[in-house]
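**Student:** Here is what each chain is made of, one letter per residue.
Protein chains: 2
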Amino acid sequence: MQIDPNWVAGFVDGEGTFYVGINRQPSMKVGYQVLPEFRIVQHQKDIKLLHALRNFFNAGVVRVNHDDRYELRIRDMKILISQIVPFFQKHTLHTQKKFDFIKFSKILNLMVQGKHLTKEGLIKIIDIALKMNRADKKKAIEIKKKLING
Amino acid sequence: MQIDPNWVAGFVDGEGTFYVGINRQPSMKVGYQVLPEFRIVQHQKDIKLLHALRNFFNAGVVRVNHDDRYELRIRDMKILISQIVPFFQKHTLHTQKKFDFIKFSKILNLMVQGKHLTKEGLIKIIDIALKMNRADKKKAIEIKKKLING
Chain U
0 MQIDPNWVAG FVDGEGTFYV GINRQPSMKV GYQVLPEFRI VQHQKDIKLL
50 HALRNFFNAG VVRVNHDDRY ELRIRDMKIL ISQIVPFFQK HTLHTQKKFD
100 FIKFSKILNL MVQGKHLTKE GLIKIIDIAL KMNRADKKKA IEIKKKLING
Chain F
0 MQIDPNWVAG FVDGEGTFYV GINRQPSMKV GYQVLPEFRI VQHQKDIKLL
50 HALRNFFNAG VVRVNHDDRY ELRIRDMKIL ISQIVPFFQK HTLHTQKKFD
100 FIKFSKILNL MVQGKHLTKE GLIKIIDIAL KMNRADKKKA IEIKKKLING
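From first to last, the protein sequence lines are chains U and F. First residue of the first sequence? That's 0 in numbering that gives the first Met the number 0, and the numbers climb one at a time after it. First residue of the second sequence? That's 0 in numbering that gives the first Met the number 0, and the numbers climb one at a time after it.
The set of hints was computed from the structure by calculation and includes no laboratory data. There could be a bad hint or two in this list.
Claimed, not checked - Calculated cross-link-like contacts (lysine to any residue; reagent style SDA-like; alpha-carbon spacing at most 25 angstroms):
id : chain 1 : residue 1 : chain 2 : residue 2
1  : U       : K44       : F       : Y18
2  : U       : K44       : F       : D135
3  : F       : K102      : U       : K123
4  : F       : K77       : F       : I2
5  : U       : K89       : F       : H90
6  : U       : K97       : F       : Q112
7  : U       : K97       : F       : Y18
8  : F       : K44       : U       : A139
9  : F       : K44       : F       : K102
10 : F       : K136      : U       : H42
11 : U       : K123      : U       : D67
12 : F       : K89       : U       : K123
As the list claims (entries may be wrong) - Residues of chain U placed beyond 12 angstroms of chain F at every Cβ, according to the derived structure:
id : residue
13 : Y18
14 : K44
15 : V63
16 : T94
Backbone N, C-alpha and C fix where the C-beta goes; we use that ideal spot for every residue, glycine too.
Work out the full structure: start from the sequences and follow the hints.
**Tutor:** Right, dumping it as structure tokens:
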């Protein structure tokens with residue numbers, strides 16, 4: 000399958016997700032782990048395409064998302080920073096997802112500077128993440144409250 | 000907004016629909032009208048993109064789909080045949096939607112030959128349309144039954 004980079008940008012504009020998870024992680028000094036992730040979810044019938052996209056990026060893993068849906072997921076920080084961000088800087092997104100991508104890049108930048116390892120930095124990251132399109136706003140707000148009060 | 004044709008193919012692979020409606024139309028000899036349609040539905044927040052895609056294709060109309068969702072819809076047969084089909088023949092789709100597109104093209108081809116105006120042709124078109132990804136299979140099956148029995 001020969002995939003054009005601009006096709007990938009268009010497809011991700013429709014089907015991709017730039018997500019930043021924030022999870023409890025007692026082993027870390029600040030108590031929470033920041034987990035940026037790029038993913039594309041498809042119905043099982045298009046699992047071959049997910050593998051083709053995995054080959055295209057030469058990164059990530061194809062795994063079950065839920066039920067009959069599969070995802071290509073890229074979590075490797077080095078790859079997100081050195082490949083994924085430059086790719087979508089070059090091949091522009093056109094939907095409002097572009098703004099999620101910009102926030103995603105900002106958070107990665109802060110992480111490169113180690114900001115996620117301090118309380119202040121983590122609060123800043125959560126504030127950016129809260130402006131992204133996400134289903135778990137409540138959880139992130141709770142964590143922010145705990146950080147401020149704790 | 001400068002849109003790359005391959006971006007459009009990728010976006011349509013995720014967000015586009017090739018649909019063939021079959022509706023009761025007493026004014027037609029065969030009693031039913033075949034209505035092929037290409038559409039892209041987006042949330043209201045991306046309505047500007049729908050207009051940009053309208054300009055890209057230089058065809059169609061941007062209108063409400065339902066609730067806060069809008070669509071670019073192209074129904075003009077001449078444009079579907081002379082522009083939309085050649086476009087996606089050149090800029091290949093990679094998901095299973097490709098097979099919907101191929102069936103869509105086949106039906107357009109049959110319509111160019113006037114097949115939709117005869118009972119036998121219409122049944123053939125419905126058979127192809129039933130193999131496409133559609134929500135209203137029951138309706139199409141009912142129409143087919145009526146044509147065979149009527």
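**Student:** Decide, hint by hint, whether the structure agrees.
**Tutor:** Comparing the hints with the structure gives:
{"no.": "1", "hint": "U/K44 x F/Y18", "in the structure": "19 angstroms, holds"}
{"no.": "2", "hint": "U/K44 x F/D135", "in the structure": "21 angstroms, holds"}
{"no.": "3", "hint": "F/K102 x U/K123", "in the structure": "51 angstroms, violated"}
{"no.": "4", "hint": "F/K77 x F/I2", "in the structure": "23 angstroms, holds"}
{"no.": "5", "hint": "U/K89 x F/H90", "in the structure": "20 angstroms, holds"}
{"no.": "6", "hint": "U/K97 x F/Q112", "in the structure": "44 angstroms, violated"}
{"no.": "7", "hint": "U/K97 x F/Y18", "in the structure": "29 angstroms, violated"}
{"no.": "8", "hint": "F/K44 x U/A139", "in the structure": "24 angstroms, holds"}
{"no.": "9", "hint": "F/K44 x F/K102", "in the structure": "32 angstroms, violated"}
{"no.": "10", "hint": "F/K136 x U/H42", "in the structure": "20 angstroms, holds"}
{"no.": "11", "hint": "U/K123 x U/D67", "in the structure": "36 angstroms, violated"}
{"no.": "12", "hint": "F/K89 x U/K123", "in the structure": "46 angstroms, violated"}
{"no.": "13", "hint": "Y18", "in the structure": "17 angstroms, holds"}
{"no.": "14", "hint": "K44", "in the structure": "5 angstroms, violated"}
{"no.": "15", "hint": "V63", "in the structure": "19 angstroms, holds"}
{"no.": "16", "hint": "T94", "in the structure": "5 angstroms, violated"}
In this structure, the hints that do not hold are numbers 3, 6, 7, 9, 11, 12, 14 and 16, in rising order.
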